[in-house]
Amino acid sequence: MSAYLTAANRLRIVKIEDIQQETPTVKSFTFKDDLCSKAKPGQFIMVWIPDVDEVPMSLSGISPHACSISVKKVGEATKTLHQRKIGDYIGIRGPFGNGFRIGKGKVMVVGGGTGTTALMPLVGSLVEENFKVTFLLGAKTKNELVSRDRIQALLPKVAGRIDVATEDGSCGSEGVITDLAEKYLNNEEFDMIYTCGPERMMYKMLLLSERFQTPLQASLERLMRCAIGICGTCVIGKFRVCRDGPVFTGEQLSKVKEEFGHFKRAFNGRKVKL
Amino acid sequence: MSAYLTAANRLRIVKIEDIQQETPTVKSFTFKDDLCSKAKPGQFIMVWIPDVDEVPMSLSGISPHACSISVKKVGEATKTLHQRKIGDYIGIRGPFGNGFRIGKGKVMVVGGGTGTTALMPLVGSLVEENFKVTFLLGAKTKNELVSRDRIQALLPKVAGRIDVATEDGSCGSEGVITDLAEKYLNNEEFDMIYTCGPERMMYKMLLLSERFQTPLQASLERLMRCAIGICGTCVIGKFRVCRDGPVFTGEQLSKVKEEFGHFKRAFNGRKVKL
Amino acid sequence: MRNRLAIEIAELKLTNPTMLAAGILGMTGASLREASVWGAGAVVTKSVGLKPREGYSNPTVAQVDCGLLNAIGLPNPGVSEFSEEIKEVKQSETPIPLIVSIYGFSTSEFVKVAKVAAEAGADALELNVSCPHVRDTGAEIGQNPSLVAEVVEEVKKNVLQPVFVKLTPNVADIVGVAKAAVEAGADALVAVNTVRAMAIDVETTRPILSNRIGGLSGPAIKPIAIRCVYEIYREVDVPIVGCGGVTSWRDAVEFMLAGASAVQIGTAISAKGMGVFKSVTRGISSYLKRKGFRSIEEIVGLSHRS
Amino acid sequence: MRNRLAIEIAELKLTNPTMLAAGILGMTGASLREASVWGAGAVVTKSVGLKPREGYSNPTVAQVDCGLLNAIGLPNPGVSEFSEEIKEVKQSETPIPLIVSIYGFSTSEFVKVAKVAAEAGADALELNVSCPHVRDTGAEIGQNPSLVAEVVEEVKKNVLQPVFVKLTPNVADIVGVAKAAVEAGADALVAVNTVRAMAIDVETTRPILSNRIGGLSGPAIKPIAIRCVYEIYREVDVPIVGCGGVTSWRDAVEFMLAGASAVQIGTAISAKGMGVFKSVTRGISSYLKRKGFRSIEEIVGLSHRS
Ligand SMILES: Cc1cc2nc3c(=O)[nH]c(=O)nc-3n(C[C@H](O)[C@H](O)[C@H](O)COP(=O)(O)OP(=O)(O)OC[C@H]3O[C@@H](n4cnc5c(N)ncnc54)[C@H](O)[C@@H]3O)c2cc1C
Ligand SMILES: Cc1cc2nc3c(=O)[nH]c(=O)nc-3n(C[C@H](O)[C@H](O)[C@H](O)COP(=O)(O)OP(=O)(O)OC[C@H]3O[C@@H](n4cnc5c(N)ncnc54)[C@H](O)[C@@H]3O)c2cc1C
Ligand SMILES: Cc1cc2nc3c(=O)[nH]c(=O)nc-3n(C[C@H](O)[C@H](O)[C@H](O)COP(=O)(O)O)c2cc1C
Ligand SMILES: Cc1cc2nc3c(=O)[nH]c(=O)nc-3n(C[C@H](O)[C@H](O)[C@H](O)COP(=O)(O)O)c2cc1C
Ligand code: FES
Ligand code: FES
Numbered sequence: 001m002s003a004y005l006t007a008a009n010r011l012r013i014v015k016i017e018d019i020q021q022e023t024p025t026v027k028s029f030t031f032k033d034d035l036c037s038k039a040k041p042g043q044f045i046m047v048w049i050p051d052v053d054e055v056p057m058s059l060s061g062i063s064p065h066a067c068s069i070s071v072k073k074v075g076e077a078t079k080t081l082h083q084r085k086i087g088d089y090i091g092i093r094g095p096f097g098n099g100f101r102i103g104k105g106k107v108m109v110v111g112g113g114t115g116t117t118a119l120m121p122l123v124g125s126l127v128e129e130n131f132k133v134t135f136l137l138g139a140k141t142k143n144e145l146v147s148r149d150r151i152q153a154l155l156p157k158v159a160g161r162i163d164v165a166t167e168d169g170s171c172g173s174e175g176v177i178t179d180l181a182e183k184y185l186n187n188e189e190f191d192m193i194y195t196c197g198p199e200r201m202m203y204k205m206l207l208l209s210e211r212f213q214t215p216l217q218a219s220l221e222r223l224m225r226c227a228i229g230i231c232g233t234c235v236i237g238k239f240r241v242c243r244d245g246p247v248f249t250g251e252q253l254s255k256v257k258e259e260f261g262h263f264k265r266a267f268n269g270r271k272v273k274l
Numbered sequence: 001m002s003a004y005l006t007a008a009n010r011l012r013i014v015k016i017e018d019i020q021q022e023t024p025t026v027k028s029f030t031f032k033d034d035l036c037s038k039a040k041p042g043q044f045i046m047v048w049i050p051d052v053d054e055v056p057m058s059l060s061g062i063s064p065h066a067c068s069i070s071v072k073k074v075g076e077a078t079k080t081l082h083q084r085k086i087g088d089y090i091g092i093r094g095p096f097g098n099g100f101r102i103g104k105g106k107v108m109v110v111g112g113g114t115g116t117t118a119l120m121p122l123v124g125s126l127v128e129e130n131f132k133v134t135f136l137l138g139a140k141t142k143n144e145l146v147s148r149d150r151i152q153a154l155l156p157k158v159a160g161r162i163d164v165a166t167e168d169g170s171c172g173s174e175g176v177i178t179d180l181a182e183k184y185l186n187n188e189e190f191d192m193i194y195t196c197g198p199e200r201m202m203y204k205m206l207l208l209s210e211r212f213q214t215p216l217q218a219s220l221e222r223l224m225r226c227a228i229g230i231c232g233t234c235v236i237g238k239f240r241v242c243r244d245g246p247v248f249t250g251e252q253l254s255k256v257k258e259e260f261g262h263f264k265r266a267f268n269g270r271k272v273k274l
Numbered sequence: 001m002r003n004r005l006a007i008e009i010a011e012l013k014l015t016n017p018t019m020l021a022a023g024i025l026g027m028t029g030a031s032l033r034e035a036s037v038w039g040a041g042a043v044v045t046k047s048v049g050l051k052p053r054e055g056y057s058n059p060t061v062a063q064v065d066c067g068l069l070n071a072i073g074l075p076n077p078g079v080s081e082f083s084e085e086i087k088e089v090k091q092s093e094t095p096i097p098l099i100v101s102i103y104g105f106s107t108s109e110f111v112k113v114a115k116v117a118a119e120a121g122a123d124a125l126e127l128n129v130s131c132p133h134v135r136d137t138g139a140e141i142g143q144n145p146s147l148v149a150e151v152v153e154e155v156k157k158n159v160l161q162p163v164f165v166k167l168t169p170n171v172a173d174i175v176g177v178a179k180a181a182v183e184a185g186a187d188a189l190v191a192v193n194t195v196r197a198m199a200i201d202v203e204t205t206r207p208i209l210s211n212r213i214g215g216l217s218g219p220a221i222k223p224i225a226i227r228c229v230y231e232i233y234r235e236v237d238v239p240i241v242g243c244g245g246v247t248s249w250r251d252a253v254e255f256m257l258a259g260a261s262a263v264q265i266g267t268a269i270s271a272k273g274m275g276v277f278k279s280v281t282r283g284i285s286s287y288l289k290r291k292g293f294r295s296i297e298e299i300v301g302l303s304h305r306s
Numbered sequence: 001m002r003n004r005l006a007i008e009i010a011e012l013k014l015t016n017p018t019m020l021a022a023g024i025l026g027m028t029g030a031s032l033r034e035a036s037v038w039g040a041g042a043v044v045t046k047s048v049g050l051k052p053r054e055g056y057s058n059p060t061v062a063q064v065d066c067g068l069l070n071a072i073g074l075p076n077p078g079v080s081e082f083s084e085e086i087k088e089v090k091q092s093e094t095p096i097p098l099i100v101s102i103y104g105f106s107t108s109e110f111v112k113v114a115k116v117a118a119e120a121g122a123d124a125l126e127l128n129v130s131c132p133h134v135r136d137t138g139a140e141i142g143q144n145p146s147l148v149a150e151v152v153e154e155v156k157k158n159v160l161q162p163v164f165v166k167l168t169p170n171v172a173d174i175v176g177v178a179k180a181a182v183e184a185g186a187d188a189l190v191a192v193n194t195v196r197a198m199a200i201d202v203e204t205t206r207p208i209l210s211n212r213i214g215g216l217s218g219p220a221i222k223p224i225a226i227r228c229v230y231e232i233y234r235e236v237d238v239p240i241v242g243c244g245g246v247t248s249w250r251d252a253v254e255f256m257l258a259g260a261s262a263v264q265i266g267t268a269i270s271a272k273g274m275g276v277f278k279s280v281t282r283g284i285s286s287y288l289k290r291k292g293f294r295s296i297e298e299i300v301g302l303s304h305r306s
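Protein chains in written order, with our numbering: chain W, 1 to 274; chain X, 1 to 274; chain C, 1 to 306; chain H, 1 to 306.
Treat the hints with caution; some may be incorrect.
Simulated coverage check for chain H against chain W, where a stretch passes if three residues somewhere in it have a Cβ under 8 Å from a Cβ of chain W [as the list claims (entries may be wrong)]: (1) 48-56; (2) 59-65; (3) 119-131; (4) 151-160; (5) 284-291.
Because the hints were derived from the structure by calculation, they are not lab data. Ideal placement from N, C-alpha and C gives every residue a C-beta, glycine not left out.
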C-alpha cells in the first residue's frame, strides 16, 4: 500500500488538558498528540470544533509530552473555543507547513499581537541552540502583550534580551514595534530576523530587512481550507501558505510584494484589502 | 494508511529466466521475485497467463536470487505455460499459505508424481538443518520421476537416502509408493512424515501415520480463485486450503476424513468424487 | 446481565452485530459454521440461483490500492443442491441466524429460489439485486426501482421469512431504490454491494480480471457505503445493515452512527483473518462502555441528531 | 525529434498529457501559471459560475483511507471577476492550454458564464455537470442525459472554443450520459468527478465535513474511474481525459490503456507535491520508450485490443 497521504492529515480527537488565560482575549489550550510533539517551530494545525468550524492555529508550545495553541477570540470559532473547558475534546490534523529554518548567529525576533505565540517554539529552539536572541514584542496595549513572561524566562540562558513597544505607551516604548526594530537595526547587525504578526507590520519588517540587508523569515496567515496544498484558498502569488509556508523568506516575499501586505483572498477568491 | 492487504497479493509481472524440461510432461520455469525469494517451503503462488487463466502453483525452488515453479501439462493453462519461452512474461501474486513446519529428528518425505516438486524447497531446508531424511519417490513410470537427481544430490549431506517405486516397475520397486512407505514404517521409527502427491495417496499416508502414530504434514490441492481466504472455493470441511493450508497436519486431516481423499468441490461448489 | 451487543433485525436475533457478507466463504455449510465459531453474529451464504453456475475463469480477484476487485461470476451449485449446505448449518448445536443470499434472472426465478431456500431452513433471505458483473441479474434489477419492487413483492408473497434487499451503490439515487424496496415489503436493507470498477496491468496492457469489469470492495469503498447508509436512514424505517470496507470496530461504529443496525464483513477477512469478527465486536463493546451507551440501538443513526 | 508525449485533444495542443484538475489550486492566475511551470501540459481552473459563491464553511476537506473527501461548495468570485485571472494566465510568456471549468444553475447560466470565460481567453471550456455536493447544479444535471445534452448544445451554439464535459461516476449508466454529451456536440469528455461519499468521526459522533456529504477522490476511486473510461471508450469517438487517483505514471498509463488521451491530476498533489506532473510525465515517457511505442496515441485504448 502506498503511504498515500501524510499521516499527519488524519483527524485526531484530543482532550484539552489545560487552559491558560494569556491576555483578556487570548487563551492557551494544552493537549497531547504524538505528531504535534514532533512538529517544527512555526508549523500549524487545523483545529476542528464540531458543528462550528475548522480553523488554522500555530502551535504555541511543542514538547514531548504536551503541545498547545494560543487562541485569540475574534469570531465564532475562536469564541466557541474559548468556551471549552478542561476535559473537553477538539479535533486536530497536522502539523502542516514548513516551519522556521534555524540559521546561525545573532537573531532578532519580532512578534506583534497574537503572532507572538507562534514564535514561542522558535525561541525555545534558538535558546536551546545557544543563539543570541533579541526579542521585540509589540501590542496595542499592555494587557495584550502575549507570552512576555515566558519569553523573559527563556532569554537569560543565552544572555538574550527582550524589548517592548505598545501603541498606547502603557508598557515599554510608545509606538509601533517596527520603529523599535528599526532602532535596533540602526545600531547593530543581525544575522536573521524572524517575525510573526499583523501583515502590515511584517510588510514593514520586509522593507527593513531589505534596507539593512538582513535575511528575514516571516510567518504568514491566509484563509485556509485543505491545509495540504490543493484547494488554492491560501495562495499568495504563486505560493501556497499552507504548504510552501507559512514561513517565507524575505527573498520569496519580495517576489509577491504587490500582494504581501496589500491584499488577501476571501473564501470566494476575491481580493480583499488588508 | 493501514497496511491493508498483504503486499504479497499485489500482481507482479516477472520474466521467465530459464526453462527446464523435467519429465515429458513437467517443465520448470525460473524467475526472479523478492517476495518469493522469502517464501517458506510449501507455499504457493498464483500464476497469471494473460487472456488465459490464473492457476495455483507451488514454489519448486526458493533461493535469494531465483525461484521456480514446476508445471505439469494437464489442461489449457498449463499447456499455454509450456509454450512460453525464456524472456516471456507471466504474472504472479503470492506467496500464499502456511508452508511446512520444520520439526526435529528423523523424517520421511513421500512424494508422488508432480507433488514431488512442491517438496523440493522443504528437502533443501531439512538438509540445511541437518535432519536425517528418507525420501520416497513414486510415479507411474520411470519417465515421470520428478526431481530425482536433484534430491539425490542433496541427500548425501545428511547421510540421507532415497528410495523409488514405480507402478510399472520401470524403476525401483514395483508398486505404489505407499506400500514402500509402509515397509519403512514397519522397520523404523520416524519423527515426522511429509507428503505431497495425489490425494488418494496422501489419504493412505494419513492412515499409515495414524497406524504408526507418526505425525504427518500433507500439502493439499483444491480449486482456487482468490488465494487469500475469502472466496470459499478451496474449502475442505472448515479449512481453507489457500490460507489454513495448503499444508495440513494429520490431526487436522483426521477431522475432515469424510472429505479428504474422497471428494473436492468443483468451481460451482458441487461435490466431485476424487 | 444484558448483552450490550445484542440486536434484533427484522425478527432475527443476533448476539452481536457482525455478519459474514454474502459470497465470502459462504459456499459450504462447514465454512458458514466456521464463521459462526469465529464470532459472526449471523452469516450470509454465497448468492445462489436456480441452476448451477460455473462463474468466470480466473483471474477472478485482483488487489488494488486499499481494496479488492472481484468478478467471480456468481458460481453456485444451484439452490436445490445448496439446500444440503443450508441444512448443515441449521443442524449446528449453536445455531446462529442464517441468511441465504439469492439471485434470479427473472422475478419468477427469484421466487422459485426463495421458496427452496426457505424450505431448506433459511432464517431470512437476502435478495442480491446488486451484483455488478453478471448481466441481467444483479445491478440491472437493482438500478431499477420498479423491478426491485416487483421482485420484493413477489418474494414476500411466497415466503414467510424476513426479506433483506442488498442495494447497489452504482445508481444515481440509492434512496429511490431503497424506498421502492421498503414500500414493496422489504424487512431490512443491506447497503452496499461492490462498486463497478476495473484494473489494467500496464506491463501486459491487459485488463486483469477475466471478466474485465468487476466490483470494488474494502476500505476504498467505505466512505461511499457510509454515505449510502446515511442517506437511506433519513428516508426509510426498516433496519439497515452496513457493508463495505468494515475492517476495524471504528468502521463498524461509523456505519452505526450513519444509521446501520449491524454490519457485514467481507474483504477484511483477507487482511485480518477470521478473528476480525471478534476484534470488531470487542471494539464496539468497549466503545459503548467507554461512552456510556447501554446498547447498540442508542448509537444507530446518532450522527443525524445534533 | 518528435515529442513522444505530445497529444492533441479537441484542437488543444499539449506538450504532455498531464493536466491540473478542476478545483485544484485553480483559484488564481498565479497558481495556474505555477502548475504550468511545474510541468502540467494544460491547466483547468476552479469551477466558476455567474455569481460569487462563498462555498461551505470548514471542515471542507477530510482524509479517509486512500483518499480525500471534499465538499468545498464551489467557492468562486463569479466569472466576471475571474476573467482577470484568466487573462493573467494567457499573458504568460509560455502559455499552455487553459481550460476554464464552469457551472450554472440553469442552461442559460451555463451559456452566460461560457461566453464571459471564452471572451476572457479560455482555450476551452469544461462543463462541470458533476459536482456531487452542490444542489441543483453539478450531478443533478450530470445524472440526466437530456439535461446534459441541452446544456452542451446551448453552450456549443454560443462559443467557438472546444467544450469538454466532465462526467459524474454517480450514475447507473455513465455511457448513456457520455453518449448524450457527445451527440449534443461535446468535443471531449473528462471522466470522472468525485464519488459521493462521507465520513463520520466516531469519537464525537459527528459527520466531519460541514456539508456532511462530499466527494471522494484519490487512489480509492481510481479503479472506478478506470472502469468509466473503459466503458465510455467503447462507445464514443471523442477524446477522453481520465481523472481520479492518478498518482504515478503507472496510473496514467493505466488510464491511457483504458482509453484516455490525457489525465488530470488533483489529490496526488497533496502527497507528491507539484513535482507530480514531471514525475508522471517522465514515467510515461520511459514506459513508451521501453515498450517501443512512438507516441501516446499508440497506447490509448490498447487494453481493448487483444
Ligand atoms: C497559519 C495560520 C496560523 C494561525 N495561528 C493562529 C494562532 O496561533 N492564534 C490565533 O489566535 N489565530 C491564529 N490564526 C488565525 C486564526 O485562524 C483565525 O483567527 C480564526 O480562523 C478565526 O476564526 P473565527 O471563526 O473565530 O473568526 P471569523 O469571524 O470566522 O474570522 C475572523 C477572521 O479570521 C480569519 N479566518 C477565519 N477563518 C479562517 C481560516 N479557515 N483560515 C485562516 N483564517 C481564517 C479571517 O481573517 C477572518 O476574517 C492563524 C491563521 C493561520 C492561517
Ligand atoms: C496449492 C496448489 C499447488 C499446486 N502446485 C502445482 C505445481 O507445483 N505444479 C503443477 O503442475 N500443478 C500444481 N497445482 C495444480 C495446478 O494448479 C493445476 O494443474 C492447474 O490449475 C491446471 O490448470 P489447466 O488449465 O492446465 O488445466 P484444466 O484443464 O483447467 O484443469 C485440470 C485440473 O487442474 C485443476 N485446476 C484447474 N484450475 C485450477 C485452479 N484455479 N486451482 C486449482 N486447481 C485447478 C483441476 O483439478 C482441474 O480439473 C497446484 C494446485 C494447488 C491448489
Ligand atoms: C470475493 C467476493 C465475492 C462476493 N460475492 C458476493 C455474492 O455472491 N453476493 C453478494 O451479494 N455479494 C457478494 N460480494 C460482495 C460482498 O458481499 C460485499 O458486499 C462487498 O465485498 C463489500 O464489503 P467488504 O468491503 O466488507 O468486502 C462478494 C465480494 C467479494 C470480495
Ligand atoms: C479540493 C478539491 C476541489 C475540487 N473542486 C472541483 C471543482 O471545482 N470542479 C470540478 O469539476 N471538480 C473539482 N474537484 C474534483 C477534481 O477535479 C477531480 O475530478 C477529482 O478530485 C478526482 O481526481 P483526483 O483523484 O486526481 O483528485 C475537486 C477536487 C478536490 C479534491
Ligand atoms: S489551504 Fe488549501 S491550498 Fe492551502
Ligand atoms: S481460494 Fe479463495 S478462499 Fe481459498
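Now the hints, each set against the structure:
Counting residues of the segment 48-56 of chain H whose beta carbon lies closer than 8 Å to any beta carbon of chain W gives 4, which meets the minimum of three for the stated coverage. For the segment 59-65 of chain H, the stated coverage by chain W holds: 5 residues have a C-beta nearer than 8 Å to a C-beta of that chain, and at least 3 were required. For the segment 119-131 of chain H, the stated coverage by chain W is violated: 0 residues have a C-beta nearer than 8 Å to a C-beta of that chain, whereas at least 3 were required. Counting residues of the segment 151-160 of chain H whose CB falls under 8 Å from any CB of chain W gives 0; the rule of at least 3 is not met.
Counting residues of the segment 284-291 of chain H whose CB falls under 8 Å from any CB of chain W gives 0; the rule of at least 3 is not met.
In summary, the structure is inconsistent with hints 3, 4 and 5 from the numbered list given earlier, while agreeing with the others.
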